[in-house]
Each structure stands twice: as C-alpha cells, then as structure tokens.
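Asker: Let's have the full structure, built from the sequences with the hints guiding it.
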Amino acid sequence: MTSTAEIIDRCQALFEDLNFSAARAWKAAAPGRKVIGFLPVYAPLEMIHAAGCLPLGIFGGGDQMEVIHGDAYYQSYICRIPRSTIELGVTGRLDFVDGMIFPFVCDVIRNLSGIWKMMFPNVWSKFFDTPQNFDPEIGGNYYIHELQELRAGLETLTGRKITDDDLRRSIALYNENRRLVREVYAFRAREPWKAPTSEVYLLMRAGLMMDVAEHNRMLADYLVAAAASDRPQRDNVRVAVYGSFCEQPPLNLIKSIEMAGCYVVEDDYALVNRFLTADVPTDGDPVQALALAYLGQSVETSCKYVPKEEDKGRFHVEQVRKAGAEGVIYATPSFCDPALLDRPMICGRLKEANIPHIAFKYAENSGQMQPIREQAGTFADSIKLWS
Amino acid sequence: MSEAVKENSMLLQKQMIARNYEAITSKHETGRKVSSTFVPGNLNELLMCFGIVNNLPEINAIQNGMRKVSGSYIMEAEKGGHSEDVCTYVKADIGMMGKGSIAPNGKPFPDPDVLLLSYTGCYTFMKWFELLRAEYKCPTLMLHVPYEGDGHSTKNMRDYIVKQLKEVVIPGLEQVSGVKFDIDRLREYLRNSAKAEDDLVWCLEQGKHKPSPIDAYFGGVYYIGPIFTAFRGTTDAVEYYTELRKEVQARIDNKLGPLTPDGTSFNEQKYRLVVEGPPNWTNFREFWKMFYDEGAVVVASSYTKVGGMYDQGFRHDPDNPLESLADYCLGCYTNRNLPTRVDILAKYVEEYEADGLLINSIKSCNSFSAGQLMIMKEVERRTGKPGAFIETDLVDPRYFSAANIKNRLESYFQMIEQKRRGASKAA
Ligand code: SF4
Ligand code: SF4
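Protein sequence lines, in the order shown, are assigned to chains U and Y. Start counting the first sequence at 1; every next residue gets the next number (the working numbering). Start counting the second sequence at 1; every next residue gets the next number (the working numbering).
Mixed in with the good hints there might be a few duds.
[As the list claims (entries may be wrong)] List of simulated lysine to aspartate or glutamate pairs, EDC-like, C-alpha gap at most 20 Å:
(1) Y/Lys155 <-> U/Asp135
(2) Y/Lys14 <-> Y/Asp236
(3) U/Lys351 <-> Y/Glu78
(4) Y/Lys246 <-> Y/Asp198
(5) Y/Lys270 <-> Y/Glu410
(6) Y/Lys137 <-> U/Glu310
(7) Y/Lys137 <-> U/Asp95
(8) Y/Lys163 <-> U/Asp135
(9) Y/Lys166 <-> U/Asp135
No lab work stands behind these hints, which were simulated from the structure alone.
Answerer: Dropping the structure here:
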C-alpha cells in the first residue's frame with residue numbers, strides 16, 4: 001500500500017513545479033498530443049479529455065514565483081492571479097500549451113482572455129461563457145450550443161472528431177473522479193485528523209494537472225492509506241472555508257488555519273472538480289447531459305447568478321450543516337470582486353443560521369501568516385467557548 | 001448634471017432629467033411603476049412599452065458624485081460590511097439607502113417595483129442587483145448577455161437573448177405593470193431611437209474637425225445623457241439631439257471649440273486626445289479644467305460608447321425589434337473583447353488625428369480597467385503615438401489626487417511636444 005506521505009509528496013512536487021514537467025512529459029510521450037490550459041473556476045474537462053487532450057489547471061503562480069513582467073500589465077488594485085498567469089506565459093513556462101480556456105468567473109479573467117489573444121496569437125484561446133439563465137429551454141439551449149462550439153474548436157485544433165461515445169467515456173471517468181473526490185471530502189468531514197486539508201488540497205490540485213484516470217487511482221489509494229493511518233485526534237474546531245475559489249491562498253495559509261486549531265471540513269478551494277455535484281448521465285446525448293448537469297446540479301458560487309433571493313447562500317448553509325462545521329472562514333483574495341461583493345450576502349445568511357464566521361483577505365503570495373493564525377486561533381477559541 | 005453656462009440642449013436635458021426624477025418620486029401618487037436598470041444594455045424602449053419609469057442607479061451614483069455626497073455614502077456602505085475593494089457605484093448606491101435615499105429633487109426615492117438586471121459588459125451588475133434584491137424583495141429579471149469573447153457575436157448569443165426577452169423579461173414586465181406588451185409600440189419607440197442615434201453619431205464625429213467643436217469626454221458625458229438613460233426612444237430625445245446638432249454645426253461654422261464650464265469657447269486647442277475609461281465624477285470640473293487649461297481637447301472617447309456603440313454602425317431597428325435590442329446589448333463597449341477595444345481605440349487615434357491615447361483607469365472598475373495597460377501598449381505600438389495612464393475613481397473622492405494627475409498630464413503633454421519636434425526634424 002502506498003502511504004499518504006508518498007502520495008502527497010508526489011502531489012506536492014506536481015503542485016510546486018511551475019514548469020509543468022509532468023504535463024510536458026505527457027505531451028511528449030506520444031506524437032500529436034495536445035495540452036489545454038484552463039483557468040478557474042469551472043470548465044467542462046470531459047470535452048477536453050474526449051478530444052484526447054490533457055486539461056491543465058492554471059491557478060496562478062502561488063507564492064514561489066517572482067512576478068517581474070506580470071506587474072507591468074496590471075494596476076495595483078487588481079488581484080494577483082492574472083499577473084502571475086501572464087508571468088507564466090511570458091517566461092515560457094506555458095510554451096507547450098496548445099490552447100487556453102478562460103471560463104467566466106469575473107471581468108478580470110474575461111479580459112485576460114483578450115490579453116492572451118493579443119500576446120499569444122498562435123495559441124488557440126477561448127472565453128467560455130456559461131449561462132446565467134437556468135431554464136433548460138433557454139440557458140440550456142444556449143449552453144448546448146456553446147459546448148458544441150467548444151467541441152468544434154477542439155476538433156479543429158486536434159484534427160480529430162470528438163464522437164458522442166468519446167464524450168460518454170470521458171464523462172464516465174470524470175463521474176468516477178467526482179465520486180472519489182466527494183468520498184475524500186466526506187472522509188475528511190468524518191475524520192479530519194486523518195485527512196488534513198493541507199493534504200487534501202494538494203491531492204485536488206495535483207488532480208487538475210494529470211490524466212483523470214491516474215488521478216482516480218490516486219484518490220482511491222489515498223482513501224485507503226488515510227483510513228489506515230494512525231494520527232492523533234486533536235481538540236480542534238470544525239470549520240468551512242469559502243471565498244477561495246479562484247486565486248488560491250498560499251499553501252502556508254491553508255496550513256496556518258489548521259495549525260491555529262481548525263479542522264477544515266468543507267471548502268471551495270479551486271472548486272473545478274466539485275463544481276458539478278452529481279453524476280452526469282452517460283446515456284442519451286452527452287452534450288445535453290453536461291449542460292443539464294451545469295444548470296441543475298452545480299454548486300452555488302459567486303460567478304453564478306442565484307435566481308431566487310431566498311436561495312442565496314442556502315448552498316453554503318446546507319454544506320456547513322452537512323459537513324458538521326461549527327463556523328465559517330470567509331477567506332477571499334484581495335480585490336476579488338466576486339467573493340467580496342458576495343461576502344455581505346453569504347455572511348448575512350450564515351448569521352441568520354447562527355453560524356459563526358470571520359472574514360479575511362489574502363493574496364496568492366501572502367507571506368505573513370502570523371495575523372491569519374491569530375485570527376483563526378481566536379475564532380477557534382471563541383467557538384469552543386461559546387458553542 | 002449642474003452646469004454654470006447653459007446651452008439650449010443642456011437646458012432641455014436638465015428639464016428632461018428633472019421630469020424623470022419627478023416621475024420616479026411621484027410614483028405613489030401616479031400609480032406608475034418604477035424599475036431600476038443599468039446604462040449598458042439599457043432597455044428603455046421596452047420599459048416604455050409598459051409605462052414603467054426608468055431609474056438608473058449608476059446615474060444616481062454619478063449625480064451623488066457630482067454633488068459631492070458619494071464619499072459619505074461609500075463610507076456608510078463600508079461601515080455596513082462592504083469591502084473597500086469593490087466598485088464604488090455599488091457602495092454609493094447602497095450607502096444612499098442607509099442615509100434615506102433622497103433623489104436630486106429633494107424627495108425620497110421610492111422602492112423600485114422591478115429590478116431589470118440587464119447583465120451586459122460588467123460582472124458587478126449581477127451582484128449589485130442581488131444586493132438590492134435582498135433589500136427591496138422585488139421581482140428581479142435577469143437578462144444574460146454573453147460576452148463577445150471571440151470579438152464578434154454569434155447567432156446563438158442573439159437567439160439566447162431574444163428568448164430571454166420573450167420568455168423572461170417581457171412576461172415579467174407585463175406582470176409588474178399590468179400592461180400587455182404591444183410590439184408596434186416598441187417599433188415606434190425604436191424608430192425614435194434610431195433618429196436620435198443618427199444625430200448623436202453625427203455630433204460625436206465632428207470631433208474630427210480642427211478645432212474640434214466638441215469635447216468628446218467631458219462634454220461627451222452630457223451629449224450621451226439622454227440616449228444612455230431614461231430617454232432613448234422618446235420624442236424628447238429626438239428633439240434634444242436635433243438641438244445639439246444645431247449647436248455643434250453653429251460652432252463648426254464659426255470655427256469655435258466647445259464651451260467650457262467657465263462659459264468660454266475652448267478654441268486654442270493644442271493637443272487632441274482619445275480617452276479610454278470613465279471620468280472621475282467627484283472632481284469633474286477640476287479634472288476637466290486640467291485639460292483645457294493645458295489646451296487639451298478630447299476628440300473621441302470610449303466612455304461615450306458604454307451605453308451603445310452607435311458610431312460603429314449599429315441602430316435600433318423597428319423592423320427587427322427584439323433582435324435589435326439583443327444586438328444592442330451585445331455591442332456595448334465593455335461587452336467587446338480586448339483586441340476589439342484596441343482596434344476601436346487605435347482607429348479613433350488615426351481617424352480623429354489625435355496626438356495619442358490617454359487612459360483614465362478607474363480603481364473601482366475591473367470591467368474597464370483590467371487589461372488597460374496592455375491596451376495602452378498595443379495602441380501605442382499600432383499608432384506610433386504616445387499613450388499615458390492616470391488613475392482615479394468614479395465616485396470615491398479618496399482616490400482623486402489632483403497633484404498627481406496634473407503632473408502626469410503635464411509630462412504627457414511634454415512628451416507629445418517632443419514627439420512633434422522629433423517628427424518635424426525628421427521631416
Ligand atoms: S481572484 Fe477574484 S477578481 Fe481575481 S480573477 Fe479570480 S474571481 Fe476574478
Ligand atoms: S464595475 Fe465598472 S462597469 Fe461595473 S458597475 Fe462598477 S463602474 Fe460600472
């Protein structure tokens with residue numbers, strides 16, 4: 001049996017490698033292979049996979065990369081992820097990437113899609129606008145066409161057809177991935193001391209940079225190894241972390257929250273592989289199935305409109321309850337409009353539901369962890385004292 | 001918008017605005033319904049079909065900025081938990097609620113009956129109306145307008161918008177107003193729109209003259225007023241633009257520049273600029289003065305295109321009413337991708353024979369601002385004309401640093417001079 005340490009070491013190496021050597025090796029292993037980068041927070045990876053390409057999650061540069069060129073493209077009052085993504089591009093770290101998908105998250109990534117077109121005219125790049133109308137007849141039809149357009153774009157890029165059966169096979173693999181991811185999350189909620197978030201996080205991030213079938217094996221191995229592991233249970237409080245779906249907090253911050261006495265039992269870090277909450281049917285029309293899953297079975301997050309006022313924040317409250325979290329840390333990147341505009345509404349709903357919460361901001365390259373540790377520690381203490 | 005010296009068109013606009021505020025604030029007496037909606041993707045003609053009065057929170061924020069009260073509203077919103085990092089229009093609006101919501105006519109703003117969430121070109125719109133919805137608990141109609149990521153619209157996008165109009169927006173407005181939709185009424189209004197749009201475009205294009213008879217940024221925000229707000233589709237707007245056209249023609253005939261707020265004609269135009277980005281409203285006159293004091297006139301701008309890009313040929317079309325509303329929404333400036341924005345700005349620099357592109361980058365506004373440094377570099381590269389970058393905010397007075405901006409502008413004008421000297425030497 002592979003140990004959790006071995007699995008996580010491998011994940012960490014993938015996570016830290018900003019030259020993306022593993023993805024490069026994947027591409028070099030067979031002629032004609034193509035790699036498609038995608039940004040947060042949701043892209044239909046099944047489609048990329050069905051095209052025979054490797055979907056590669058691009059989540060900024062973290063805290064290990066010095067941003068030299070990227071700052072010349074962005075004013076100080078814009079978040080970090082676009083500038084570090086540009087840094088990855090201009091320093092040649094993404095020179096093997098054949099296509100880029102910029103899903104709709106906010107206007108920053110939206111505009112970055114245009115910058116990419118200008119800076120890297122030879123890379124196929126696509127802004128991918130998901131529907132904000134959730135009626136299958138309206139938003140659904142629109143989205144089916146958008147997916148078909150994406151499919152056609154990938155077909156042109158690769159020179160091969162994506163058949164419905166290709167797509168069904170990919171959907172099945174990603175269903176398995178989502179099922180295993182949900183299992184890891186459920187396991188962590190049950191026994192958080194056996195699956196620390198600093199590990200689960202790396203496990204998820206690594207999965208966005210490797211072939212899905214391989215990640216599925218890795219998730220299964222981790223579940224076995226974590227269950228068998230013998231780690232002491234601490235007197236920590238159980239928290240959920242929200243607001244961190246796009247630009248990622250540095251790993252140190254994720255660890256600091258745990259070190260401050262919190263078990264993170266639910267989070268929206270990087271989302272992607274938890275964006276769809278149920279299996280996508282593999283019978284019938286696969287494009288329609290992907291579209292309907294997006295409309296009806298996906299998370300509530302800031303880039304999606306919530307049609308009914310009474311439903312706003314409901315997802316968060318329900319998830320907190322389901323995971324048995326005692327409080328919420330609303331941690332957002334600085335200057336992140338989506339998370340920050342949502343904050344009063346989501347936190348308002350938490351308050352109505354008597355769920356204690358705190359909020360703070362970070363940047364992907366935040367270095368000072370002491371204030372975060374103190375804030376999270378005080379929060380943990382207050383939960384212990386008052387609940 | 002208050003001005004010291006009034007031309008006829010300005011007086012007309014002032015009366016129109018006053019009448020609209022009166023219609024909004026008297027809704028309880030008249031029984032009319034009030035909607036809130038946004039400038040980009042504004043469906044004024046459609047609202048008119050239902051007798052609904054159009055209130056635009058962006059315009060209220062601008063009014064409050066110009067009247068110098070937005071600062072306290074923003075602080076109020078921040079005290080209430082809204083982040084210092086987000087769009088100040090939203091906070092000015094929400095803070096105003098906290099302070100009693102008084103309209104410029106001194107009467108209280110009534111609650112809206114419907115929020116028409118025309119979601120075009122700006123992410124913040126979605127959150128802004130989710131926030132207002134939580135406050136007013138009124139029907140909210142989302143019209144999702146996809147972004148032109150590949151530099152053009154598609155049939156799928158257009159069909160999607162038309163379908164939403166037919167199945168969400170129109171039935172929703174019928175329900176709120178109790179008025180049945182009449183497509184012929186819409187056609188009639190769209191006919192008026194197209195007439196007014198023709199005249200607006202004519203006026204904006206006169207920036208090509210030397211001296212320019214218009215200022216396409218500081219003056220431009222007045223010229224776009226009626227068409228961008230609650231008057232597109234009305235005969236009032238048609239009349240306004242006929243009048244404006246006459247005034248601009250008279251200035252051309254007399255070789256005069258635009259009127260400045262001091263009441264003088266700005267004829268000594270040394271520099272011709274294209275400006276990208278919205279203006280600052282809290283120090284609007286001071287900001288404008290920095291330009292005309294130095295002899296800089298704005299001959300074309302992107303801000304005057306946020307509520308529709310009529311100069312690129314689009315007109316509302318009474319023969320295809322819903323489709324043309326869809327095309328209108330798709331084509332608003334901030335719904336165009338960055339390469340298209342670069343194309344448009346570079347074309348302006350060439351066609352209006354400008355000395356260069358100045359970007360006023362707004363701290364609040366990711367929709368406009370994210371990517372502007374790249375836009376500047378690209379336009380510089382393509383036109384060979386120098387660009388400059390200044391930073392302010394829309395309605396947050398804390399981010400207007402007069403000394404910094406003045407310095408930047410002065411060095412920019414020096415740079416233009418140098419460039420000219422270099423060019424004349426080379427010739
Ligand atoms: S961190 Fe927030 S503001 Fe920045 S790109 Fe992501 S969603 Fe947009
Ligand atoms: S972000 Fe920009 S476009 Fe959007 S509401 Fe604010 S100022 Fe307007």
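Asker: Hint by hint, say whether it matches the structure.
Answerer: Against the structure, the hints come out as follows:
With a CA separation close to 19 Å, the supplied pair Y/Lys155 and U/Asp135 stays within the 20 Å bound. Proposed proximity of Y/Lys14 and Y/Asp236 is supported: the alpha carbons are some 12 Å apart, at most 20 Å. Straight-line distance between C-alpha atoms of U/Lys351 and Y/Glu78 comes to about 18 Å, which keeps the hinted pair within the 20 Å bound. A distance of roughly 13 Å separates the Cα atoms of Y/Lys246 and Y/Asp198; the hinted pair therefore holds under the 20 Å criterion.
Among the hinted pairs, Y/Lys270 with Y/Glu410 is consistent with the structure: their alpha-carbon atoms are about 13 Å apart, no more than 20 Å. Simply put, Y/Lys137 and U/Glu310 have alpha-carbon atoms about 9 Å apart, close enough for the 20 Å limit, and the pair holds. For the proposed pair Y/Lys137 and U/Asp95, the alpha carbon gap of about 50 Å is over 20 Å, so the pair is violated. Proximity of Y/Lys163 to U/Asp135 is assessed by CA-CA distance (about 11 Å); at most 20 Å being required, the pair is judged to hold.
A threshold of 20 Å between alpha carbons decides the hint, and for Y/Lys166 with U/Asp135 the separation of about 13 Å falls inside it, so the pair holds.
When each numbered hint is compared with the structure, a violation occurs for hint 7 only.
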